[in-house]
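Participant: Protein chains in written order, with numbering that gives the first Met the number 0: chain A, 0 to 159; chain B, 0 to 273.
Worth flagging that the hints you see were computed from the coordinates, not collected in a lab. C-beta: ideal position from N, C-alpha, C; glycine also. One thing to keep in mind: the hints can contain errors.
Examples of chain B residues toward chain A, derived with CB under 10 Å [said to hold, decoys possible]:
id: 1; residue: Arg92
id: 2; residue: Thr94
id: 3; residue: Leu98
id: 4; residue: Gly129
id: 5; residue: Phe134
id: 6; residue: Gly136
id: 7; residue: Glu191
id: 8; residue: Thr230
Here are the simulated BS3-like pairs of lysine-lysine, each with C-alpha atoms no more than 30 Å apart in a straight line [claimed, not checked]:
id: 9; chain 1: B; residue 1: Lys144; chain 2: A; residue 2: Lys126
id: 10; chain 1: B; residue 1: Lys144; chain 2: B; residue 2: Lys203
id: 11; chain 1: A; residue 1: Lys126; chain 2: A; residue 2: Lys146
id: 12; chain 1: B; residue 1: Lys203; chain 2: A; residue 2: Lys146
id: 13; chain 1: B; residue 1: Lys144; chain 2: A; residue 2: Lys146
DEER-style ranges, computed between Cβ atoms [stated by the list, open to error]:
id: 14; chain 1: A; residue 1: Val45; chain 2: B; residue 2: Glu122; range: 21 to 27 Å
id: 15; chain 1: B; residue 1: Glu122; chain 2: A; residue 2: Ala103; range: 52 to 58 Å
id: 16; chain 1: B; residue 1: Gly183; chain 2: A; residue 2: Ser101; range: 35 to 41 Å
id: 17; chain 1: B; residue 1: Glu122; chain 2: A; residue 2: Val62; range: 42 to 48 Å
id: 18; chain 1: A; residue 1: Ser40; chain 2: B; residue 2: Gly183; range: 48 to 54 Å
id: 19; chain 1: B; residue 1: Glu122; chain 2: A; residue 2: Ser91; range: 52 to 58 Å
Letter by letter, the chains look like this.
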Amino acid sequence: MKQEAKASSDRGPTAQYVTFRLAEETYAINVMQVQEVLRVSEIAPVPGAPHYVLGIVNLRGNVVTVIDARRRLGLDPREPDDASRVVIIEVSNQVVGILVDSVAEVIELGAAEIEPAPNVGSDESSKYIQGVASREGELTIVVDLNKLLSEDEWAEMASL
Amino acid sequence: MSESRQQGVLLEERQALTEYLDSLLQAIPQEPHPPEPVPQVVLEAPVVTPEREVVQPVVAPTPPVIETQEIARSEEAAQVQAVPEGGPPEWGRSTFQCLGMRVAGLTLAVPLIKLNGIIEMPEEITPMPGHKPWFLGLVQHLDRKVKVVDIARIVLPEGSKNGPTSPRHVVLMDDSRWGIACEGITEVMTLETDAVRWRSSRGKRPWLAGTVIEHMCAILDVDVLARDLSTGAWGASDPAPVKPALRGKRSNGAAIDHAGGGSPKHPLPNNHKT
Numbered sequence: 000m001k002q003e004a005k006a007s008s009d010r011g012p013t014a015q016y017v018t019f020r021l022a023e024e025t026y027a028i029n030v031m032q033v034q035e036v037l038r039v040s041e042i043a044p045v046p047g048a049p050h051y052v053l054g055i056v057n058l059r060g061n062v063v064t065v066i067d068a069r070r071r072l073g074l075d076p077r078e079p080d081d082a083s084r085v086v087i088i089e090v091s092n093q094v095v096g097i098l099v100d101s102v103a104e105v106i107e108l109g110a111a112e113i114e115p116a117p118n119v120g121s122d123e124s125s126k127y128i129q130g131v132a133s134r135e136g137e138l139t140i141v142v143d144l145n146k147l148l149s150e151d152e153w154a155e156m157a158s159l
Numbered sequence: 000m001s002e003s004r005q006q007g008v009l010l011e012e013r014q015a016l017t018e019y020l021d022s023l024l025q026a027i028p029q030e031p032h033p034p035e036p037v038p039q040v041v042l043e044a045p046v047v048t049p050e051r052e053v054v055q056p057v058v059a060p061t062p063p064v065i066e067t068q069e070i071a072r073s074e075e076a077a078q079v080q081a082v083p084e085g086g087p088p089e090w091g092r093s094t095f096q097c098l099g100m101r102v103a104g105l106t107l108a109v110p111l112i113k114l115n116g117i118i119e120m121p122e123e124i125t126p127m128p129g130h131k132p133w134f135l136g137l138v139q140h141l142d143r144k145v146k147v148v149d150i151a152r153i154v155l156p157e158g159s160k161n162g163p164t165s166p167r168h169v170v171l172m173d174d175s176r177w178g179i180a181c182e183g184i185t186e187v188m189t190l191e192t193d194a195v196r197w198r199s200s201r202g203k204r205p206w207l208a209g210t211v212i213e214h215m216c217a218i219l220d221v222d223v224l225a226r227d228l229s230t231g232a233w234g235a236s237d238p239a240p241v242k243p244a245l246r247g248k249r250s251n252g253a254a255i256d257h258a259g260g261g262s263p264k265h266p267l268p269n270n271h272k273t
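Excised from the complex, chain B in its bound form:
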């Protein structure tokens, strides 16, 4: 086998994995039974252009993501803070570390430098009436009232076939203003910037910074995520109102139904319609 042929196969495999990872975060097709995203299917696709595989070495000077103060209260600040148009954020321009967490069958990674801590999913969470289903409620942590979100409702497309989440940990970010509920913590990954397939354009998912094929995970841009959380600017978020305080007091291992089924055994609020 020639070297060029081997390189082509490698590129195809890498592209297949990338497509697979991306498909987990893409909208569900309209087919009644969408096919499983099997890599082999993608491998049969036309050969990808090599340009897509080249990690963009130098990106046009994108404004670094600024961690704003009081972002939750300041829409103006949110407007000022620009979304990177492509390439790595500032923290990803050299070797960096990420923490992996499991969410509804998917591994998400958040840069360690942007994390404020990890706490166990508290026994008690205070839901707020009239908020989106992805906002689970408030928990008191030290002197903060942490706003806990069900990240799976945000990053996974509506109608995702992934099973319910059993949040066990809350990953704190944005000066502990926000907490991401997740099923578990996987590992700390040390990544080189060129090991990440940075998104060339943030598009409808500006919070997705890139993907790491080696670890089969998606990297979240925490700053953009916090900004969008504060504005609630989710194009694909479920508009159904949450019924807060259905069961404000939860027990560990409780499940959240992402299909919005609202099973009575779920001790966290679901998106029931009134």
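The following block holds chain A by itself, in its conformation from the complex:
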């Protein structure tokens, strides 16, 4: 019992994360920013939108912009399949969806378990990586959704 308590304290304050898969890697986002997970439905393209914006969807009467997570993270785009999901998130008082390869599970991570992202000549596009956590022998990349887009980009999202 004491050992469990110690282990818990070693992990630091914990939070729950939704994990999803992109290009065979596991990513995690804070569950508190996730509103719901949807199957991929019809996404209406928006002319003139940034390359990482797939389009908009009608979510119970509300227009929600959908971002292709692969494109945003600089990965090869691919067509959605049955496993693909749109994760509806709320960031900076905006609701957007991000298209991912699949949604895996909800996990609990302690703050101490998340190592800061390596600072190795990274460019601007990697600032959204909060850190890396090791789980069951695999590494999970923790994404800071607040930094997924810049302020200007969020403003552009709002204007779509």
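Mind docking chain B on chain A? Use the hints.
Facilitator: Then chain B, alone, in the frame of chain A:
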């Protein structure tokens, strides 16, 4: 043949080998088809000044390279840690041992005292989005998340004609924070300090401590390399963003295309442009 003439020839040959070795790490000339660095060509060059061949016996008191803690997180520490201006680092001031490793046709040597281990290139490597092409990703080793780098992308000039690397081993350094992916391990060399042509000035390649003509290899200054890796301060590094996780799971013997061609069969991330 007089003794002086013989000595001159020896000096020329040694200089030729040195120039050849250096050329492997130098920038590619602008010629469309640069000539192969054949030693004979260099031998025809004017006689070198003997001063260049003299191993500098005593160097102005250079600050010893300090192995900092938490260097990856501390840019301030990196700034404090000075690059040796010339001559051997502390570990090279007496007889020392180096481990040779093959990288893209070149043999690089790292001082044993600065190594933390060697592991086989893991089956799985986790690439990180938005990082430089030379950063292959993270691997879990014991309680460390080792940052694995493709050293060939760093030490070889862009556009090098050397073929793709098939990394099979990872050499751990800087308290296992960093791993150098290499094709193979060659040998452990015991070197006398005067057997090394220490660089008189680190210049644009501060991580290059010197060259060993006998073994035709370049010696890396691991401390400086780790420092520069943590800051990403590579003047000649390929600015193209890496597409991480193209194939995060690799198999041994996989190739990395240093030309950035991005062949689909390469199971490690290349520097594709988006």
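Participant: A separate judgement is required for each hint: does it hold in the structure or not?
Facilitator: Okay, the hints, checked on the actual structure:
1. Arg92: violated, 30 Å
2. Thr94: violated, 34 Å
3. Leu98: violated, 23 Å
4. Gly129: OK, holds: Gly129/B within 10 Å of chain A, min 3 Å.
5. Phe134: holds, 5 Å
6. Gly136: Since the shortest Cβ distance to chain A is 9 Å, the answer is holds.
7. Glu191: violated, 35 Å
8. Thr230: Holds: closest Cβ of chain A sits about 8 Å from Thr230/B, inside 10 Å.
9. Lys144/B with Lys126/A: Distance of about 19 Å is within 30 Å: holds.
10. Lys144/B with Lys203/B: holds, 29 Å
11. Lys126/A with Lys146/A: holds, 7 Å
12. Lys203/B with Lys146/A: Answer violated: Lys203/B to Lys146/A is near 34 Å, above 30 Å.
13. Lys144/B with Lys146/A: Holds - the C-alpha atoms of Lys146/A and Lys144/B are around 23 Å apart, at most 30 Å.
14. Val45/A with Glu122/B: 21 to 27 Å: violated, 41 Å
15. Glu122/B with Ala103/A: 52 to 58 Å: Check failed, 20 Å falls outside 52 to 58 Å.
16. Gly183/B with Ser101/A: 35 to 41 Å: Holds - the Cβ-Cβ distance for Gly183/B and Ser101/A, about 38 Å, lies within 35 to 41 Å.
17. Glu122/B with Val62/A: 42 to 48 Å: Since Glu122/B and Val62/A have Cβ atoms about 44 Å apart, the given range 42 to 48 Å holds.
18. Ser40/A with Gly183/B: 48 to 54 Å: holds, 52 Å
19. Glu122/B with Ser91/A: 52 to 58 Å: Between Glu122/B and Ser91/A, where Cβ atoms are some 39 Å apart, the hint is violated.
In this structure, the hints that do not hold are numbers 1, 2, 3, 7, 12, 14, 15, 19, in rising order.
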